[in-house]
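2 protein chains.
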Amino acid sequence: MSSLASLANHQVRLARRPAGLPTRDDWSFTTQDVAEPAEGAVVVRTLALSLDPAMRGWMNEGRSYIPPVGLGEVMRAGGIGRVVASRNARYAPGDLVSAAIGVQEYATIGEADASRVALAKIDPRIASVPQWLNVLGLPGMTAYFGLLEVGQPKAGDTVVVSGAAGAVGQTVGQLARIKGCRAVGIAGGSAKCEFVVKELGFDACIDYKALDVKAALKTHCPQGIDVYFDNVGGDILDAALARLARGARVVICGAISQYNNMGDVKGPKNYMSLLVNRARMEGMVVFDYASRYPQAIAELAGYLQSGRLKSREDVVAGGVAAFPEALLKLFKGENFGKLVLQVAED
Amino acid sequence: MSSLASLANHQVRLARRPAGLPTRDDWSFTTQDVAEPAEGAVVVRTLALSLDPAMRGWMNEGRSYIPPVGLGEVMRAGGIGRVVASRNARYAPGDLVSAAIGVQEYATIGEADASRVALAKIDPRIASVPQWLNVLGLPGMTAYFGLLEVGQPKAGDTVVVSGAAGAVGQTVGQLARIKGCRAVGIAGGSAKCEFVVKELGFDACIDYKALDVKAALKTHCPQGIDVYFDNVGGDILDAALARLARGARVVICGAISQYNNMGDVKGPKNYMSLLVNRARMEGMVVFDYASRYPQAIAELAGYLQSGRLKSREDVVAGGVAAFPEALLKLFKGENFGKLVLQVAED
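So the sequence lines, in the order shown, correspond to chains A and B. The opening residue of the first sequence carries number 42 in the working numbering; numbering runs sequentially from there. The opening residue of the second sequence carries number 42 in the working numbering; numbering runs sequentially from there.
Mixed in with the good hints, there may be bad ones.
A pair holds if it fits inside one copy or across any two, identical chains being indistinguishable in the list.
To be verified - The calculated SDA-like cross-link candidates involving lysine to any residue, where the alpha carbons are at most 25 Å apart (straight line), are:
{"id": "1", "residue 1": "K310", "residue 2": "V326"}
{"id": "2", "residue 1": "K310", "residue 2": "L369"}
{"id": "3", "residue 1": "K255", "residue 2": "N301"}
{"id": "4", "residue 1": "K195", "residue 2": "T260"}
{"id": "5", "residue 1": "K259", "residue 2": "P108"}
{"id": "6", "residue 1": "K370", "residue 2": "G81"}
{"id": "7", "residue 1": "K259", "residue 2": "G304"}
{"id": "8", "residue 1": "K162", "residue 2": "D136"}
{"id": "9", "residue 1": "K255", "residue 2": "R123"}
{"id": "10", "residue 1": "K310", "residue 2": "P59"}
{"id": "11", "residue 1": "K255", "residue 2": "A133"}
{"id": "12", "residue 1": "K255", "residue 2": "E102"}
{"id": "13", "residue 1": "K310", "residue 2": "G275"}
Simulated from the structure, these hints should not be mistaken for lab results.
I would like the entire structure built from these sequences, with the hints used as guidance.
Here is the structure:
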């Protein structure tokens, strides 16, 4: 373990709370030595980080489902790393682990923090590192519990998901198909829509940049929408509300179109469709299902291995220094699949 | 039955679809003879009509939970009347009945239509005619099933209801108290708020015309709102969403602040509170519970008779000719209690 002394840990910290889209000045860049782990701690070398729309919310002040990232703190991020030093009997050097590593090259995780950052060994034989951040990571867990627990799809239902080529959306639609539903995606651009239909096997995908979403939903959902899984908010949520079937379930998972909104969030003006159609709209936070992740991972890994479930990741190189620019791809809709920042070669 | 020939039936019909608040020109006034009933039919003399916010929606074109009133048709309205002629063995002259009578002085209801207009005998010993349109009528049914089935209150919950002095709201809050909850009302003006607290026994009532509703909800709901029963929409819905407790249920029953909105409906910009708080927002239409009205009426009648449940009706005189003006009281917040139009002395 004497090798740690020579290592420099480059970190990205939240310098100020952004107004609108985060800019480079909202971040600070620090370098720390990597210390030997104390009793019970492990040192993890970051291999890849998950970049998620939710990160934008964590940067804001105020009450939410988890505390905001404090000013001056290392930016929160989930990731995959390799244990390089350990004084915790449950982890050995060389183990591959997932955890809320943060945007940094090395994370030292004490015994008391292991549960808070969800430190867990992962098996590289089941899926690749990017897949462990995607379909077997929080996006996959979000899709699994959001669709199945909150959306309550029944065979034959029409399930619509926005952000269909994104991390959560791709698994939502494929899982809907596996459960016997029709899956209709909404995504931006013909390349994403073609991927969603041809590669992922959705029944249809609506290009919101080219089409009137409301009219296209009428075409593709002639019996109405039974489950709408919303990742985007704004006008697309309104278009979906206008097309609900009776007794529909709307899963509120995210609202990426609104996260950088400087004025008021655009509320869904068609919300009275909930009354007309006796429908419900319900929010979900994936962390509530943490005790059941193993069950979901086992099921999704089975689909992955049998080829019934495909995944696509958009892996950006450049290490932690590239984090500020890479994050913006999400809000510009430039990522194609789950956005992953590669921090180190394994 | 020979007396029917001398009767004139004054009616109010929908002449055109209103833009914004209905004006007198949106109505037409007709007079018809009252014909002898055919086999299976009854003739009902209208005593009182229920004036409801939902009427505004029925005047609009387009898909909703029931078809719109057609142009030239007698305006739809629930009411109480007395059978004056019958060729239906289930009803005798003199029986008091409730039905969707329409805004007219006499309704002839054929056997085939009896179920569609929900023709039913009522017992005047249980409650007064206005009470049969209020707590034992559709407002009471809406409060009962909306609160208990959709709102799912548990003892100790904080239940907030808007339109608290109105037809639905008054029963929602009192029923919440009966079920062991704290009840906080929102109403317009100090007289209504005083009534809601002192007469109906709510724990508190917020005067939205005098107070910042968001701040007042913070004061009166220190642990957050477990059930919010919304009759109004708009800014008050947003204020309630901002104060939800974890796992809250929002019952969407109406949106009176938006029914005459000429531009876009104001969508709830705080809807992401559903995600943060793992809450749900669900619409309800009382007609779905029609088969269970007898159970609800029995329970509510018991509370009425024991004095645990109070009711207040705002009875307007003037007959069907007064309908257009009387209806507007609802949208101006001028009614104090369930708005009833008296059509005839019994």
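Status of each hint after checking the structure:
Proximity of K310 and V326 under a CA criterion of 25 Å is satisfied in both settings, with 24 Å inside one chain copy and 19 Å between copies. For the identical chains of this complex, K310 and L369 are inter-copy neighbours only, at 24 Å across copies versus 28 Å inside a copy, given an alpha-carbon limit of 25 Å. Taking identical chains as interchangeable, the C-alpha atoms of K255 and N301 lie at most 25 Å apart whether they share a chain (24 Å) or sit on different chains (24 Å). For a Cα distance limit of 25 Å, the shortest separation of K195 from T260 inside one copy, 21 Å, qualifies, whereas the shortest one across copies, 43 Å, does not.
Only between protomers do K259 and P108 lie at most 25 Å apart by alpha-carbon distance; the minimum there is 20 Å, versus 40 Å within a single protomer. With identical chains, the CA atoms of K370 and G81 are never at most 25 Å apart, being 38 Å at best within one copy and 70 Å at best between copies. For the homomeric pair K259 and G304, the shortest alpha-carbon distance between copies (23 Å) is at most 25 Å, but the shortest distance inside one copy (31 Å) is not. Taking the shortest alpha-carbon separations for K162 and D136, only the intra-copy value of 7 Å comes in at or below 25 Å, while the best inter-copy value is 76 Å.
Taking identical chains as interchangeable, the C-alpha atoms of K255 and R123 are never at most 25 Å apart, the minima being 47 Å within one chain and 48 Å between chains. With identical chains, the CA atoms of K310 and P59 are at most 25 Å apart between copies only, with a shortest distance of 20 Å across copies and 27 Å within one. Taking CA atoms no more than 25 Å apart as the test, K255 paired with A133 passes in neither setting, with 54 Å inside one copy and 52 Å between copies. Taking the shortest alpha-carbon separations for K255 and E102, only the inter-copy value of 19 Å comes in at or below 25 Å, while the best intra-copy value is 35 Å.
Proximity of K310 and G275 under a CA criterion of 25 Å is satisfied in both settings, with 9 Å inside one chain copy and 10 Å between copies.
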